[in-house]
Each structure stands twice: as structure tokens, then as C-alpha cells.
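J.: Numbering of the sequence shown is given in this note's numbering, commencing with residue 2 and proceeding in unit increments.
The set of hints was computed from the structure by calculation and includes no laboratory data.
Predicted model, so just to flag it, every value in this text is computed and none were measured.
It is possible that part of the hints are untrue.
To be verified - DSBU-like, lysine-lysine: derived pairs with alpha carbons at most 35 Å apart:
| hint | residue 1 | residue 2 |
| --- | --- | --- |
| 1 | 105 | 42 |
| 2 | 42 | 147 |
| 3 | 42 | 149 |
| 4 | 26 | 149 |
| 5 | 26 | 105 |
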Amino acid sequence: MKLMSYTAVAALCVLATSATAHEFKIGDLVVEHPMAFETAKTAQTAGGFMTITNTGSTADRLVAVEADFPRVEIHTTEMDGDVARMMQLEDGLEVPAGESVTMKPGSYHVMFMGLGGDPFEVDEEVPATLVFENAGRLEVIFNVEKRKMGDHSEMDHSNHSMDN
Numbered sequence: 002m003k004l005m006s007y008t009a010v011a012a013l014c015v016l017a018t019s020a021t022a023h024e025f026k027i028g029d030l031v032v033e034h035p036m037a038f039e040t041a042k043t044a045q046t047a048g049g050f051m052t053i054t055n056t057g058s059t060a061d062r063l064v065a066v067e068a069d070f071p072r073v074e075i076h077t078t079e080m081d082g083d084v085a086r087m088m089q090l091e092d093g094l095e096v097p098a099g100e101s102v103t104m105k106p107g108s109y110h111v112m113f114m115g116l117g118g119d120p121f122e123v124d125e126e127v128p129a130t131l132v133f134e135n136a137g138r139l140e141v142i143f144n145v146e147k148r149k150m151g152d153h154s155e156m157d158h159s160n161h162s163m164d165n
């Protein structure tokens, strides 16, 4: 009986892990766990995050992200004293050969702009297409997850304007 219980618990752990962790592949690129945090009902913008690993011997570049929003951009966050400024990466984001680039709060991220009263909600799936310079187009799903309370490293994109 105990063996069966341990087996059941192990199976549930595998199912829980596979439900939250997801990856997509194209050529030498592996995109791990594209996700976004839930947003406030009044939010006009949301940030998207993921890790992109280039297993190949040639660099590639994420040049665009396409999704069903008025604007979607690839951003970086730069600190100016105590003020964080988000800036569009006009030339995209390089993914060096043999390396990983992590898009995370306070760093590189995808900016979904123009939510128009339709906030991101926990367990929602946001379809998008990543456009790479060499590898091409890759359809992915950004899973919307609950914001961790008390973690101040996460940036709130809900009040950011869409102006350049």
C-alpha cells in the first residue's frame, strides 16, 4: 500500500511540473516557460518573460513578438538611480551561440500594450509568435500566473503608457 502511495504522489508531482513548465523548439533554439503575471483590471500593459537557449554554434536574434494586441515590443529595463526606465530594443534581443538569455522582471521582457480593459487572468493562455532572425517564426503560449506577494523584484506594468 505504501509503495502505491509513493508512486501516486510521484505521478502527481510529474503532472504538476509538466502543467506549469513548458517549452517550445525551433532549430537550435529552445524557449522555456513563456509566462506573464496576472494584471489589474485597469492595466493597459503586461510583461512577458521566458528563457531562450541557443544550443547551436551561430548567434540568433529575437527581432519581434507578434500577438493580438495593438503593440508588442521587446524591452529592457535600465536603472537611472532609483528609477527604472523601460526601453524598446529596436534591433531585438541577441541570443548568443551556446548561451541562454533570460527575460525576467527588471530585465529583458516582452511588453504587451493596449490590453483595453481585458486584464491577464491566472491560468489564461496568451498565444504569440516569436520571430527570430535566423530560426524563423515560432508559435508559443504565454501562461498567465499569479503574482507572488511580497516579491518586490517584479515590475508592475499596469500603469505604463504606450507612448515612446
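J.: For each hint, tell me whether it holds in the structure or not.
T.: Now for the hints, and whether the structure bears them out:
Under the criterion of a C-alpha separation no larger than 35 Å, the hint pairing residue 105 with residue 42 is consistent with the structure, at around 22 Å. This hinted pair checks out: residue 42 and residue 147 have alpha carbons roughly 14 Å apart, not beyond 35 Å. The suggested pairing of residue 42 with residue 149 holds, with an alpha-carbon distance near 17 Å, which does not exceed 35 Å. With a CA separation close to 28 Å, the supplied pair residue 26 and residue 149 stays within the 35 Å bound.
The hinted pair formed by residue 26 and residue 105 meets the criterion: a straight-line CA distance of about 19 Å does not exceed 35 Å.
Of the numbered hints given earlier, the model fails none.
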